[in-house]
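Engineer: Each chain, written out:
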Amino acid sequence: TQLLEQSPQFLSIQEGENLTVYCNSSSVFSSLQWYRQEPGEGPVLLVTVVTGGEVKKLKRLTFQFGDARKDSSLHITAAQTGDTGLYLCAGAPGALTFGGGTRLMVKP
Amino acid sequence: NAGVTQTPKFRILKIGQSMTLQCTQDMNHNYMYWYRQDPGMGLKLIYYSVGAGITDKGEVPNGYNVSRSTTEDFPLRLELAAPSQTSVYFCASMVANTEAFFGQGTRLTVV
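Heads up: the sequence lines are chains C and W, in that order.
All the letters of the first sequence, read from the start, carry residue numbers 145 to 252 under my numbering.
All the letters of the second sequence, read from the start, carry residue numbers 7 to 117 under my numbering.
Worth flagging that the hints you see were computed from the coordinates, not collected in a lab.
Since the structure is predicted, the reported quantities are computational estimates derived from the model, not experimental observations.
Don't take every hint at face value.
[As the list claims (entries may be wrong)] Here are the in silico distance ranges between beta carbons for each label pair:
#: 1; chain 1: W; residue 1: 46; chain 2: C; residue 2: 225; range: 13 to 23 Å
#: 2; chain 1: C; residue 1: 202; chain 2: W; residue 2: 56; range: 41 to 51 Å
#: 3; chain 1: C; residue 1: 189; chain 2: W; residue 2: 45; range: 17 to 27 Å
#: 4; chain 1: W; residue 1: 86; chain 2: C; residue 2: 202; range: 40 to 50 Å
Beta carbons: idealized from backbone N, C-alpha and C, even for Gly.
Throw the hints in and build the complete structure from the sequences for me.
Structural biologist: Below is the structure:
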């Protein structure tokens with residue numbers, strides 16, 4: 145079983161739609177990170193959230209860390225085709241562990 | 007800056023063969039990690055190291071071994087390759103609780 149559970153696993157939407165991706169765990173994390181991975185490449189960091197309840201914005205992407213520091217969400221507003229990719233959450237109560245990922249496809 | 011360098015990029019192994027995947031970083035990071043990624047899936051942690059001379063098992067260590075004799079290098083050894091080890095392998099390095107930097111990956115096929 146994965147320490148970090150991501151949902152949904154797959155998401156296919158039209159350009160301009162909004163979406164939310166979730167990352168949940170039964171463990172408390174000192175911080176959670178979100179990465180984006182393109183085909184044939186390694187993951188690249190989008191954001192790190194550290195404080196319970198924290199909200200961070202990166203252009204059209206909004207990241208939230210749960211109050212209890214056990215979960216996080218990624219919301220994308222007005223998705224674009226360039227947002228297509230694999231989104232991964234990661235945490236480290238010990239070694240850096242990744243969730244199963246959410247594969248996002250944004251269609252024109 | 008080179009960052010994290012993995013070699014080789016591609017490799018085909020026969021069942022039962024052995025090989026070493028190389029990983030080198032030039033950022034003086036103390037933490038290094040090896041992950042495998044199966045098609046369409048997330049990353050599963052194989053082994054990690056918090057510094058030279060220290061290694062520990064991750065989620066899926068069976069069939070693999072590592073060593074960390076220097077801060078820069080963290081090779082991953084596959085003994086007696088099996089088809090189940092067909093995957094893309096990523097090495098990463100980081101300073102504790104900061105951004106992880108990844109190599110370009112090694113695509114391994116065991117036939």
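Engineer: For which of the previously enumerated hints does the structure constitute a violation, in increasing order of number?
Structural biologist: When the structure is compared with the hints, only number 2 turns out to be violated.
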